[in-house]
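Residue numbers (this note's numbering), protein chains in the order written: chain A, 1 to 230; chain B, 231 to 455.
For the record, the hints were derived by calculation from the structure and aren't laboratory data.
Accuracy of the hints is not assured; some may be wrong.
Computed from the model, here is a short list of chain B residues facing chain A with C-beta under 10 Å [said to hold, decoys possible]:
# : residue
1 : F304
2 : G307
3 : F426
Everything numeric in this text was worked out from a predicted model, so none of it was measured.
Built from N, CA and C at the ideal position, the CB exists for glycine as well.
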Amino acid sequence: MELLYFGDKGWGDELFFATLMTIAVSITAMIIGFIFAALFTPLKLSNNKFLNSIGNAYTTVIRGVPELLVIYLFFFGGSGAIMFVASIFGYNDYIEINAFLTGSFSIGIISGAYSTEVFRGALQSIDKGQFEAAKVLGFKKYIYFFKIILPQMLRLAIPNLSNVWQITLKDTSLISVTGLVEIMRQSYIAAGSTRDPLFFYSFAAVLYLMLTFLSMQLLNRLETKYSKGY
Amino acid sequence: MDIELMISSFPKLLNATLITLKLLSVSLILGLFIGLGFAILRMNNNKLINKFAYGYSYIFRGTPLLVQIFIIYFGLGQIEYLRTTFLWIVLKEPYWCAIIAFSLNTGAYTSEILRSAFQTIKPGYLEAGRSLGIPSKIIFTKIQIPIAIKQSLPAYGNEIILMLKGTSLASTVTLMDLTGVAKYIISTTFKPVEVFIVAGGIYLFMTFIIHNVIKYLEKKYGFQT
Numbered sequence: 001m002e003l004l005y006f007g008d009k010g011w012g013d014e015l016f017f018a019t020l021m022t023i024a025v026s027i028t029a030m031i032i033g034f035i036f037a038a039l040f041t042p043l044k045l046s047n048n049k050f051l052n053s054i055g056n057a058y059t060t061v062i063r064g065v066p067e068l069l070v071i072y073l074f075f076f077g078g079s080g081a082i083m084f085v086a087s088i089f090g091y092n093d094y095i096e097i098n099a100f101l102t103g104s105f106s107i108g109i110i111s112g113a114y115s116t117e118v119f120r121g122a123l124q125s126i127d128k129g130q131f132e133a134a135k136v137l138g139f140k141k142y143i144y145f146f147k148i149i150l151p152q153m154l155r156l157a158i159p160n161l162s163n164v165w166q167i168t169l170k171d172t173s174l175i176s177v178t179g180l181v182e183i184m185r186q187s188y189i190a191a192g193s194t195r196d197p198l199f200f201y202s203f204a205a206v207l208y209l210m211l212t213f214l215s216m217q218l219l220n221r222l223e224t225k226y227s228k229g230y
Numbered sequence: 231m232d233i234e235l236m237i238s239s240f241p242k243l244l245n246a247t248l249i250t251l252k253l254l255s256v257s258l259i260l261g262l263f264i265g266l267g268f269a270i271l272r273m274n275n276n277k278l279i280n281k282f283a284y285g286y287s288y289i290f291r292g293t294p295l296l297v298q299i300f301i302i303y304f305g306l307g308q309i310e311y312l313r314t315t316f317l318w319i320v321l322k323e324p325y326w327c328a329i330i331a332f333s334l335n336t337g338a339y340t341s342e343i344l345r346s347a348f349q350t351i352k353p354g355y356l357e358a359g360r361s362l363g364i365p366s367k368i369i370f371t372k373i374q375i376p377i378a379i380k381q382s383l384p385a386y387g388n389e390i391i392l393m394l395k396g397t398s399l400a401s402t403v404t405l406m407d408l409t410g411v412a413k414y415i416i417s418t419t420f421k422p423v424e425v426f427i428v429a430g431g432i433y434l435f436m437t438f439i440i441h442n443v444i445k446y447l448e449k450k451y452g453f454q455t
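Using the sequences plus the hints, can you model the full thing?
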């Protein structure tokens with residue numbers, strides 16, 4: 001247990017901050033994922049064949065390729081791409097992007113593909129009559145979407161979104177390969193310096209279990225709150 | 231775009247795909263047995279056994295696969311006692327550590343899939359079997375299992391694809407699978423996009439095949455229940 005003391009003696013405070021980092025990356029990735037989902041869900045539902053195929057390509061490629069490969073793409077390719085853009089504007093120095101941003105962005109793209117599928121499914125399972133009724137009643141487009149369609153869609157989407165949250169939370173362990181100090185990376189460092197990998201990796205597992213358990217409790221509450229309407 | 235690199239790396243990546251497929255098939259077969267075992271335990275009336283099986287699947291589904299591999303590969307070697315037993319022959323090989331982690335992981339998911347499949351079987355089928363005087367062992371193997379397999383095919387197809395992606399984590403314990411080789415080529419040539427297209431394409435091709443095989447099986451065994 002001494003290994004978990006706070007301060008210089010143990011790894012307690014390091015692991016605590018690493019857990020906060022995992023939570024921060026997961027939430028950021030989830031939000032980036034929502035932005036991607038908001039962009040790609042309309043494409044997937046579009047009648048235009050070209051737009052439709054762009055939406056399908058996004059979800060198919062991201063969900064069919066290992067997360068680790070996507071992370072390597074952004075980890076090794078990210079700063080190259082940004083430097084290329086910067087060189088167009090005449091800036092030729094080396095640019096290093098923050099590990100937090102690369103990590104959240106790559107996990108966010110993955111999480112976005114799952115969110116897109118969830119939103120698509122939720123939108124499609126809204127009764128067609130709702131769309132028609134809203135149109136017939138002459139609602140403005142803005143109110144029509146935000147007041148009538150969106151609330152119904154979110155209610156349907158929340159149970160599946162909590163699955164996406166679980167996947168995203170677990171996927172953040174993979175960005176430890178890029179050197180960002182979250183739970184997995186911190187355990188790796190601690191295991192290396194104390195030669196006690198069994199303890200630290202098991203403790204990491206406990207931390208992840210706690211995170212999934214607590215977030216499930218929270219999300220279940222949200223789910224019951226928003227399914228009241230029926 | 232470096233087309234030459236894409237062509238020259240293709241055979242290397244294809245070679246590594248063999249290891250990925252080996253990892254996938256062995257862990258899926260082992261995982262199926264583990265999953266079936268735990269699904270049966272989950273349906274047991276004994277509360278203790280039931281809780282044990284639930285705990286197993288909860289722990290393996292609630293933690294990242296990476297942690298599981300690291301515990302088995304780095305962690306278990308630390309126990310002095312294990313080093314003296316025959317288990318050490320298995321546990322010192324990263325290949326077998328990866329297989330153990332993958333099988334236990336997919337076993338947990340498979341047990342959930344099978345459990346829900348068993349639970350959706352209408353009680354009428356079992357009652358009909360019993361009233362015809364069929365022994366319960368045969369009811370299980372000839373009635374429950376075939377229906378459960380059919381019911382769980384779509385979900386199991388997803389699990390196979392998730393596991394295919396999961397095998398990429400073998401590269402973190404020094405195995406040179408498809409992702410491992412891809413990372414090696416990326417870090418020596420610094421051409422991530424080209425390598426991603428080739429390696430990703432191979433993964434997508436495999437997902438495509440798995441997806442269609444499952445679809446075909448669903449159609450073939452899609453009798454009405």
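Cross-check of the supplied hints:
1. Restraint check, F304 of chain B versus chain A: the minimum CB separation of about 4 Å is within 10 Å; hint holds.
2. The restraint placing G307 of chain B at the interface with chain A holds, with a minimum CB-CB distance near 8 Å, inside the 10 Å limit.
3. Satisfaction of the interface hint for F426 of chain B is found here, the shortest Cβ-Cβ separation to chain A being roughly 4 Å, below the 10 Å cut-off.
Taken one by one, the earlier hints all hold for this structure without exception.
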